[in-house]
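**Student:** Spelled out from the first residue to the last, the chains are:
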Amino acid sequence: MTAHLIYAAAGLALVVLGAWSFLVHAPLLRKLVALNVMGAGVFHLLISVGYRGLDAPPDPVPHALVLTGIVVAVSATALAVAFGQRLEGSAGEQDRD
Amino acid sequence: MIDWLALSVALPLLGAVATVALPRFAVPLGLAAALPTVWAALMVMVLVADQGVQVSALGGWGAPLGILLRADGLAAALLGMANLVALAVSLYAPGYFRGSVLEARFWPLWMLLWAALNGLFLAGDLFNLYVTLELLGLAAAGLGALTGQRAAVEANLRYLLVGLLGSMTYLLGVSLIYTALGTLDLEQAARELRAGPVAWVSFALMTGGLILKSALFPMHFWLPPAHANAPAPVSAALSALVVKAAFYLVLRLWLELFGPVVGASAALLLGLLGAAAVIWGAWRALRAERLKLLAAYSTVAQLGYLFLFFPLLAELPAGTARTELLGAAVLLALTHGFAKASLFLCAGLLQKAAGHDRIDELSAATQALPVVTLGVALAGVALIGLPPSGTFTAKWMLLTAAIDLGQWPWVPVIMAGTLLAAAYVFRVLGHAFASAPRHGDAPPIDPRGCPGANAIGLALQLPGLMLALVAVLALGMTAEPLWDLLASTTDPSEAAP
Amino acid sequence: MSALLLALDGLLSISVVALAWATVTRREPRQAVILFIAFGLLLALVWARLRAPDVALAEAAIGAGLGGALMLAAARRALIQRDAAPSPAPPEEAGR
Amino acid sequence: MKRREAAITALVLVLSVVLAWAFWNAFSGPTGDRLAELTATRVPESGVTNPVTAVLLNFRAYDTLLELAVLLAAILGIWAVGKASPGFLPAGAVLRALVGLIVPLLIIAGGYMLWVGGHAPGGAFQAGALLGAAGVTLRLAGYPAAGLPPEALLRVTIGLGVLIFTLCGVALMALGYGFLTYPLDLAKWLILVIETAATLSIGATLAAAYLGGRADPTDSGDGVTR
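Going down the list, the sequences are from chains D, U, H and S. Quick note: the first sequence, position 18, residue 1012 per our numbering, numbers continuous. Quick note: the second sequence, position 344, residue 1620 per our numbering, numbers continuous. Quick note: the third sequence, position 11, residue 62 per our numbering, numbers continuous. Quick note: the fourth sequence, position 35, residue 38 per our numbering, numbers continuous.
One or more hints might be untrue.
Straight-line Cα separation of at most 20 Å, SDA-like style, residue types lysine to any residue; simulated pairs [claimed, not checked]: (1) S:LYS5 / H:ARG77; (2) S:LYS191 / S:ARG45; (3) S:LYS86 / U:THR1596; (4) S:LYS191 / S:TRP118; (5) S:LYS5 / D:PRO1051.
Bear in mind the hints are in silico, worked out from the structure with no lab data behind them.
Chain D extracted, bound-state conformation:
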């Protein structure tokens, strides 16, 4: 029953990597990738919390939470990308003036 601990540790490592990258790197896309890696870390952690070995069925509640979280993360990413696109677009317009 140590498998879930290994995976949980990996999940924490992803969270920390994502948070670090978000704080250190300025470009929007790198920040978005960082947030998504951080989110994936939280999700990975939840999945390993739900894992109960090969003999017992896993806990479906964390799985459902992660499904919800994935959709929420993609929604937020899409909105941020659209905002970023708008800023690029208007920057281009201003350059032409």
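Fit chains U, H and S to the given chain D structure using the hints.
**Tutor:** Below, chains U, H and S alone, put in the same frame as chain D:
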């Protein structure tokens, strides 16, 4: 069987879908959803006042398998405030947006924001709170960027990113709680949480995430540009309600879940951050050149006061004194909600009339719109904390508690914040009542010299004034029912011996 | 058997973290997004191993797939814009 | 700048130690089963046999409803800030033939995924993602609207999931069961109806999000109040 709790969330969701599908009829459909939503929320408030805590087990499963909606006194008080402010914003928006393409874009996002607010106040489940927080954040960012102008989009992109970092941090805290306790229900978690690493770290993660979202100092940097660059009804909702929702969650989690197990030093830290926000926000508000920017910085400061209550509440044992002080915190939050919404709604009209919102050049607009100016003045009275506003009562109780408990360092902070607030409010009003411009060679101000003012009817001016009147008169003079309502607030330290 | 499985778990975890490291440290946005998609797909594989096939499907399709496609399109636009931007500018730059 | 980076790195390293310590404590606690056993005993009452679908669409259906609202908020925010960017070049004949093969496959796979979600891995979100992927494929192949319906219908489609979900909830409340409380004999069908509506909404929303803005050519895009 009518489930008013579920309806408070379901009705604005239906409104959102209807206004998305039929953008031509966004205003009538939006108002048709807004009125029953307010009704449902007020019914929740009445039920809580009459019968105590209301619980609704969605899906009939109950905790920990299903999700609970719960309304105690604290939730009901904020729900009532939020829905009255939202009603005023809804009545104001059609006139404000008339003839603009923004009208059809405003309503669906606004209804989603409303659903998120009601869902957040009523949520009794930690993961459900995460979903409502995300809905709140995304709807707020969309609304804030509604004009598509560069400054607005830029500010809201920043808000979106910070908010996402905040909600991921919050979710990590929720995962920690679930790992340790095996439940997501707030009440069950509160029963089982013991002092220890899990409690401390999940407190830090969840509160830290919420502080990012609520713009408490030093995480305030995104708020002023995001709130000042939005259309007026949106600024009102963001400053009065969205920020308050995050504060409500910090308070709720602290009262119910973490307060008994994390100790007073965490509360002291919250208090120190609050003190810094009071001074810094008020100072920046004083220096702001635009009225809406002033109002936005003032939100940072006013939010700071709310966090000053934590170290005092942490010192007080359960009992009347603690309940009284909690009531003062809620009263301050409610008054600020009404007053700040009023200030933004009025500022929007002045901006419409004058074509800008530079404080030094608003004299003509303020004199052409006396009702709006009265609204600004009353909202200012509530922001400073002059009697008879609710802020006065709340700040007085805060000061008394600080002195009684020997935590006198908070006293000069409150005083300085109040003086700065008086300075920035009178700076605005000074320009409003100036009969002649400062520079002698310019012609005297002619109220008719503000053509934009004619297009603004009384119906558009009333919502802001009504909110200001509630902040100054209703909450100031008749605040007693609030304490009766709060008597049913869940506060485990009361039950404990 | 269980030692072998444990070794596999360790290897998978290390690969996931290493791929994430490569993703967040890559400077060039388009390559970073492509690495992110690969990371998401590997993560989906790991989740299938952890007996979460529903979530693995969703992560592959939504998280890595559509999320990646969205960011890839944004990275592509950023590249086009960067390549397009200097072309009108050269005369000024030469002047400086 | 370098000093700031070093400070953040140090801070994050401390954070990782603290997190590891807290989670180690959490894992070594007594609640090994958490909600697993409880959920397993109640899945038969949910109307579906896939436990994840049971949690998503019955036990915690309210979360899923709000999650669909989050998707709706995202697409409305995207539409608020601007128009869709111009599409890619039209595809060549070979690619077009390939697209003609892939898109129907994705749609069929989506339908299968939706149906199978009640008892096997799959469900509305995976199915919706496949529909969205079909939209992305069409877009990449040069179809500017990504196969989405005209605006009036699109507006109905993206809200359909929230609409049907909420109406089911309110109707069940009016019938005396309680908000989103499905009677056992109807649960399977209610879940299927809600999931179908959700799938259409998710697919349309994801494809529309990929377009990155409003598709209508008439709107000038800068919604400045005049």
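**Student:** Checking each numbered hint in turn, tell me which of them this model violates, lowest number first.
**Tutor:** 3, 5
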